[in-house]
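Undergrad: The chain contents come next:
2 protein chains.
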Amino acid sequence: MTSLGDKGEGHRETTALLGNEDEGSVQTQTKVLNQGSWTQVSCPCCVSEQVEPLVLIQLSDNIQPVTKRWLISLIEVSERDGGAALLAHPGEDECGDVIVVSAPRCTLLRATEDLGLCKKYHNGDMVAFSYNDRDNFSNVDDMQEFLTLAERQYIVKYELDFLRAQKEQKIPGVPESQGVLKARENICQKLEKVGVIKDIFPLHDKQRLTDLCRNWYSGKQIWGQPLDSIQAYFGGTMGFYFSFLDFYTWALVPPAILGLVLTFLLPGGGSGGGVVKEQAGVMEGVVEVDDSPSVSGHMVQAVFSMLWSTLVMEFWKRRSSSLSHHWGLLHLAERFAEPRPGFHGTLGINPVTGRLEPLFPEWQRQLRVGLVSVPLVGFFLGMVVLGMTGFYHGEALAQGFHQESGSLFSGALLYLPSVAHIIYTNMLGNVYRTVAMQLTEWENHREESSFQNHHTTKVLLFTFFNYFAVLFHIAFYKQDLPLLRKRLASLLIVTQLVNQCTEVVVPFIVDRFFSAPQKKQQEDDPNVDKLRAQRSLPTFPGLFAEYIELLVQFGYLSLFSCVYPLTAVLLLLNNVTEIRADAYKICKLFRKPFSAPVSNIGVWQTAFEVLGFLSVMSNCWLLLLSPRVREFCLEGGISGRNIILFAILVEHVLILVKMILAFMIPDEPDWVRIKREQIEFHSMQALGQQNQLPWR
Amino acid sequence: MTSLGDKGEGHRETTALLGNEDEGSVQTQTKVLNQGSWTQVSCPCCVSEQVEPLVLIQLSDNIQPVTKRWLISLIEVSERDGGAALLAHPGEDECGDVIVVSAPRCTLLRATEDLGLCKKYHNGDMVAFSYNDRDNFSNVDDMQEFLTLAERQYIVKYELDFLRAQKEQKIPGVPESQGVLKARENICQKLEKVGVIKDIFPLHDKQRLTDLCRNWYSGKQIWGQPLDSIQAYFGGTMGFYFSFLDFYTWALVPPAILGLVLTFLLPGGGSGGGVVKEQAGVMEGVVEVDDSPSVSGHMVQAVFSMLWSTLVMEFWKRRSSSLSHHWGLLHLAERFAEPRPGFHGTLGINPVTGRLEPLFPEWQRQLRVGLVSVPLVGFFLGMVVLGMTGFYHGEALAQGFHQESGSLFSGALLYLPSVAHIIYTNMLGNVYRTVAMQLTEWENHREESSFQNHHTTKVLLFTFFNYFAVLFHIAFYKQDLPLLRKRLASLLIVTQLVNQCTEVVVPFIVDRFFSAPQKKQQEDDPNVDKLRAQRSLPTFPGLFAEYIELLVQFGYLSLFSCVYPLTAVLLLLNNVTEIRADAYKICKLFRKPFSAPVSNIGVWQTAFEVLGFLSVMSNCWLLLLSPRVREFCLEGGISGRNIILFAILVEHVLILVKMILAFMIPDEPDWVRIKREQIEFHSMQALGQQNQLPWR
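Protein chains in written order, with this note's numbering: chain A, 1 to 696; chain B, 697 to 1392.
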């Protein structure tokens, strides 16, 4: 293990510089930061001419110097002595309320192995990195090349997150009433709780960011996105989101074409008499909103949308696993790494890895999920339905009362149900968000990804219910297809306008007019304010809202599109701008987020697949409800009972076809499977070749 | 690698003995077998006082001595020289048409590692065996303890199966027109094709078999089965079958109790008026066959059977993975081992293992499955339906004709449809069996388990369709519940009687009266006839028929049981005797089968789960069709349309509940998961600890 030299003094002469900017700014930096400097490195392999500032720890304004010094020393000390083995810089530009953190080569390499990242071997393969075998990996001497920026920053956070108190101790400079660390307590969590640390976030690299922006949204590239650069700069989560957005946008082309053909082309090209009559309905369906599309168009659309949603998700899985291999994220060792910081339990020996860590039995977590979380989520979903029925009931009551009395008061009363429903929904949403977060914390997941998946699932279910309950109510309870079509068209157009506004126009205005003064300051003294400007940005709210937007889109398209064939066209238009808007937002308007290495889009994959199944059911019943189909059947002399039975049969057959299709398309391309099996085979062999199994 | 000494002479003096019988028989054996003897072993660790005869190669009657000598030498030569590194004994008791094969310790140990079998480590854990680390495993010096009999025999077969010609060569003693081996051609396959080898089968061990029988079916143990001994003697496939049979029989107890309660107890104990009235229907449902059970009983049964089938399969998965760990079958390395003998393709380097072997691209196999196999199977299923409708059509025609003419000829004609249908079904079944086998061969699966699964799936689908098409037709097309109930009851009773007859009575008679003369001979000269008696037994037909019987049972129970609540009771009675009958059959009436190590019951698991899903649908629609439910609804003033929609809702909700339940119950117990993760973690670590990755 590398020892990081004598520590804790904070004032030492050094040649290490903050950042690798051009010559002029380097001098300014040295001047500005000369009150403190980077931790001196004694390990020969870790000495480098410049230290790259990776992560900023934002301390409270009134922090005691003794606390800061203590924290810096903790960050610098080797892991054996309970530190994080990182490099710290007090960065006292003005008020001394930050610590800039970087990482030496040894720490980076060891963490790379711990995380299970794959890197390029000398023969070009992607191989799970091994510290012992480091010299056979490409670029292992240049950390800037070997690890992506996002990985380096995540490693710093990873090391900070697992700082634990070696023994019970007081935090220097913090009143004793709050500032006592128990043995093995998580230090960063405690400091955040006590208020010493306000935030920890990764720093932007201005040069790279400018390059990325140029390639991404403000430049020539219209058709593609620089996915590799996005992944390198923002990390796996973001890389997968934009890859999925890209993939999904391309996937919208076929249904958009079909929608256009069904709407505009086919009516002119009809040949037989009955066909022309039916297809005239399609035209009407567009021109007059209160008529439904033709039976054949309807059926083509329904079957197509079922096949399409299956194929999209199956091919995305393949794409996702290729990306995951390409980015070296296929063999993440999260299961075997330290548990997430919030995880608690009785201290014990992990039976798998043999390390001392908190343990929490799996069955107890499952019991909590099954007996508490599931019923509670169900209860909240019930509350949504209750609110909706209450609203309809109230509306009917108010209308009845208004018709009876006709007074001004009763006219005003007409708005009461809507207002009450909006307030109710908002309150319910807020309560639910808190409950969902606390429930998931209480479930006590060991891995961050598991925590995220459970939390996302909870919020997702609720949001989805909120969005679609009304549409389902209109479609299947009221069985009012014209209203559904009207509602869908307006939702699509209105939500898109609103989204474009909030995502493009507002940010642009904010950036141009409100951030302008700051920018001017920055031009005067670029280095002081580089940190300051980033500290003033709001925290990135996460990708949840972006994913849910896609999911709702996908829902409109696959669940109800046969009612309104132009859905795909509108969505395609929306997504082309959405990509740029999201890119701009992420690059300019928020602090850079940390991004854990992940190997897929997680629970969102499942959500899209579930929607695919729902779409089969929905389309079948929409088809059944369509007045044209009923007319068609009555003409053919088929009884209502038989139509329903037929619809059931069609639904079941389609679901079967969908499942066979999903089963037939392998989830990963052959070459990825071979690479994966190669690694499995060789690790099995490695185990066999050891003369004595090492852990016994 | 062990060298097996100078080979091919066949006549050498030796102390090795055939079998470990009591002193008297040993002498006889030595005398009988003194014309030939076991291969002499030069490897010090493989020398043992007695050689256990494991496998018998049955040659053709008119085999040339030169061919036999050549084959023996092949079996004896080390693997490096293209042999199987086994021990051979010419066993020339009378006609010289057998070779008895055994295996030395080194070959057994290396194959154990190749197959990925887990064995007990010195600390009591089950660890994947590693030849380098062999001294740390328990019992490694005593092959009889270390490997089970079935494993030792399978290893012999495994080594024989992978005998390949080193270069193009003539088979000595076989006419040149047929007897030329191409380079790398599979020798045993070729010899079977040419007719030199008639059969290869493992030998029974009389002492162990007697012990096993005593513990299994002819002795005190009434409640359990000696599953470990069964697995040790007959191998994994058989072990899992009997474990499943055992588990499933116990699982029948709750539905049997429910059936009894619903049928006999509840009517007496009814309290409320309406309840009594409804429950009276249950009583009628038993006494008068043409009435249906009550609504509440019906619904209880339907929901119960849905939950039951889910729980049974989920808990079986857990049981199966525990067994698999207990038997050391959790980490089978089939994927990385040699491909199955029938596998062909262009010779190349396997990208995963780096070994020279035939390669066949995965996508091509999938294409064959998807574009040829699936449509062909669909075609045959269509033919079954066609046959059925043809039969009904023909019956109606014949009856009409008979009513019109009323002659003797037309009366005889009434039987024509049935006869034609039976002939048609039989012919179709025979054609299908051939087609299924050839299709699966043509799909060219690399692994034996994959081959078995695809073949089983094909036959299974057809058989299942054959069994249930009529019942589904009666239930959902004719919608004639009384007929369904009658049919179900008679099927249950008749098939059970027939099964008991064919499985217990007939074998018993055969064994007592027809085998009696042989037995007497055996008493005179026990050793000559030990092999001869086994050679005269028929080959074991595999477990397909046994599994299909269970599946059909499970189908009756879960698909239609709400129509006839006593199903479970009848099945329980049947299975208790079934276990003994199967045991008797396998021990006494057939040659011992080879049994590859497997880690679960394979595709049967899926088949049972699919049946669980079908059962939800079936029960919902049976409920809907039940005249009592209709009556009940009409009394409540619910329209037919709404009942159907309600049934659809119930079906979807139940399927959802089933899926959540299946998801919530983990497929393996915690302790198995931990063991599995331990191995994964340590093999990952082993890979990391190597300084230079070995395969580059």
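If you are wondering where the hints come from, they were derived from the structure by calculation, not from laboratory data.
In this text, all values refer to a predicted model and were calculated from it rather than measured experimentally.
It is possible that some hints are incorrect.
Facing chain B, from chain A, some residues (calculated, C-beta under 10 angstroms) [stated by the list, open to error]:
no., residue
1, Trp-671
2, Glu-677
3, Ser-683
Stretch-level coverage of chain A by chain B, calculated; a stretch enters the list once three of its residues show a Cβ under 8 angstroms from a Cβ in chain B [stated by the list, open to error]:
no., region
4, 136-150
5, 342-355
6, 565-579
Quick list of in silico lysine to any residue cross-link-like pairs, SDA-like style, CA-CA up to 20 angstroms [what the hints assert, rightly or not]:
no., chain 1, residue 1, chain 2, residue 2
7, B, Lys-1354, A, Leu-656
8, A, Lys-478, B, Lys-1354
9, A, Lys-167, A, Leu-356
Don't be surprised by glycine CBs; every beta carbon is placed ideally from N, CA and C.
Undergrad: Now look at each hint and say whether the structure bears it out.
TA: Going through the hints against the structure:
A cut of 10 angstroms between beta carbons decides the hint on Trp-671/A: the least distance to chain B is about 9 angstroms, and the hint holds. Checking Glu-677/A against chain B by beta carbon gives a least distance of about 4 angstroms; that is within 10 angstroms, so the hint holds. Checking Ser-683/A against chain B: minimum C-beta separation of about 4 angstroms stays under 10 angstroms; hint holds. Coverage of the region 136-150 of chain A by chain B is violated [criterion: at least 3 residues with CB-CB distance below 8 angstroms; count 1].
Only residues whose C-beta sits within less than 8 angstroms of a C-beta in chain B count toward coverage, and the region 342-355 of chain A has 3 of them, enough to reach three; the restraint holds. As drawn, the region 565-579 of chain A meets chain B at 0 residues by the rule of a beta-carbon pair under 8 angstroms; below three, the given contact is violated. Our distance criterion of 20 angstroms between C-alpha atoms is met by Lys-1354/B and Leu-656/A, whose separation comes to about 17 angstroms. Under the criterion of a C-alpha separation no larger than 20 angstroms, the hint pairing Lys-478/A with Lys-1354/B is inconsistent with the structure, at around 29 angstroms.
This hinted pair checks out: Lys-167/A and Leu-356/A have alpha carbons roughly 15 angstroms apart, not beyond 20 angstroms.
The structure fails to meet hints 4, 6, 8 from the earlier list, while all remaining hints are met.
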